[in-house]
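S.K.: Sequence:
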Amino acid sequence: MRGQRGFAPKRGLTPYRKGKPALQPQRVRGLSPFLGKAGQGGGGLWSVSLGGRIQSGGNGVHTRISDSRGVWLVAGVIIGLGITWFWPHEPIRADQSDRSEKFGICSVPASLAIAGLPSSEAVFILDFVTGRLQGFYLNPQQGGFTQMFYRDVADDLRLNEKGAAQPVYAFVGGQGQFAGQGQSWGASLIYVAEMTTGSLVAYAYPFSPANAGQPQQMVPVGKAQFRQPQAQ
Numbered sequence: 002m003r004g005q006r007g008f009a010p011k012r013g014l015t016p017y018r019k020g021k022p023a024l025q026p027q028r029v030r031g032l033s034p035f036l037g038k039a040g041q042g043g044g045g046l047w048s049v050s051l052g053g054r055i056q057s058g059g060n061g062v063h064t065r066i067s068d069s070r071g072v073w074l075v076a077g078v079i080i081g082l083g084i085t086w087f088w089p090h091e092p093i094r095a096d097q098s099d100r101s102e103k104f105g106i107c108s109v110p111a112s113l114a115i116a117g118l119p120s121s122e123a124v125f126i127l128d129f130v131t132g133r134l135q136g137f138y139l140n141p142q143q144g145g146f147t148q149m150f151y152r153d154v155a156d157d158l159r160l161n162e163k164g165a166a167q168p169v170y171a172f173v174g175g176q177g178q179f180a181g182q183g184q185s186w187g188a189s190l191i192y193v194a195e196m197t198t199g200s201l202v203a204y205a206y207p208f209s210p211a212n213a214g215q216p217q218q219m220v221p222v223g224k225a226q227f228r229q230p231q232a233q
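Throughout the sequence shown, residue numbering follows my numbering, covering 2 to 233 in sequence.
By construction, these hints were calculated from the structure, which means they are not laboratory data.
Any given hint could be a false lead.
Under the rule of at most 20 Å between Cα atoms (straight-line distance), these lysine to aspartate or glutamate pairs were calculated in the DMTMM-like manner [to be verified]: (1) LYS163 x GLU102; (2) LYS224 x ASP156; (3) LYS103 x ASP128; (4) LYS163 x ASP153.
Here are the simulated distance ranges between beta carbons [stated by the list, open to error]: (5) GLN229 x GLU162: 55 to 61 Å; (6) SER209 x SER69: 58 to 64 Å; (7) GLY199 x SER98: 37 to 43 Å; (8) GLY199 x PHE104: 19 to 25 Å; (9) GLY83 x GLY175: 29 to 35 Å; (10) THR147 x GLY199: 16 to 22 Å; (11) GLY223 x PHE104: 19 to 25 Å; (12) SER209 x GLY177: 15 to 21 Å; (13) VAL78 x SER120: 27 to 33 Å; (14) VAL75 x ALA225: 50 to 56 Å; (15) LEU82 x ILE106: 37 to 43 Å; (16) GLN142 x GLU162: 42 to 48 Å; (17) ASN140 x PRO230: 38 to 44 Å.
Only a predicted model underlies this, so the values are computations on that prediction, with no experimental measurement involved.
Backbone N, C-alpha and C fix where the C-beta goes; we use that ideal spot for every residue, glycine too.
All chains should be built: construct the whole structure from the sequences, respecting the hints.
M.R.: As structure tokens, this is what we get:
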């Protein structure tokens, strides 16, 4: 076009006209000057450059955001698994106890497996009339009670002596393994409390497959006074 030096018409642009911009973006079929057609190109932002080229923006940004979220999600899962693996675990216990007017019974772990969980158990019975404490180990492989334990609590507390008050017992099992005296012990302790003497005694029991069929005497490993003895 003559009279307009230095300017040549370009595809997609209108020539300068008085009162109007020298360069104006033109509509491209199916596209507005700045926004792409809905549903195409992933909903990204489209524009027409001064050179008449269609440029797309936004898809790369969305992709980077999605990738970043995925990385953080995977990292969070890995960190959570690491914390749960190294966090101290509280062993699950299934100790049970019950009592009637004349005797009490409780179950305790006899041996421990991986992670401190009980693999086998023993049951103990305290006769409130005679003061005799007895225990029985149930063998999970062979079946039947293969180990037995006993202790005369009344003798330990001198309740069989003449003039002694009528004893009042309470007892319970606890998870704690005694170590000492050059032999293996069960993975629990038996605690017996008696009201008239004000005594608390902790008993351990020898535990070994070699003791099968031979009753083993329990051993007092601790004693405490929780109240003053009752006057005779």
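S.K.: Failing hints, ascending?
M.R.: Hints 1, 5, 7 and 10 contradicted; others consistent.
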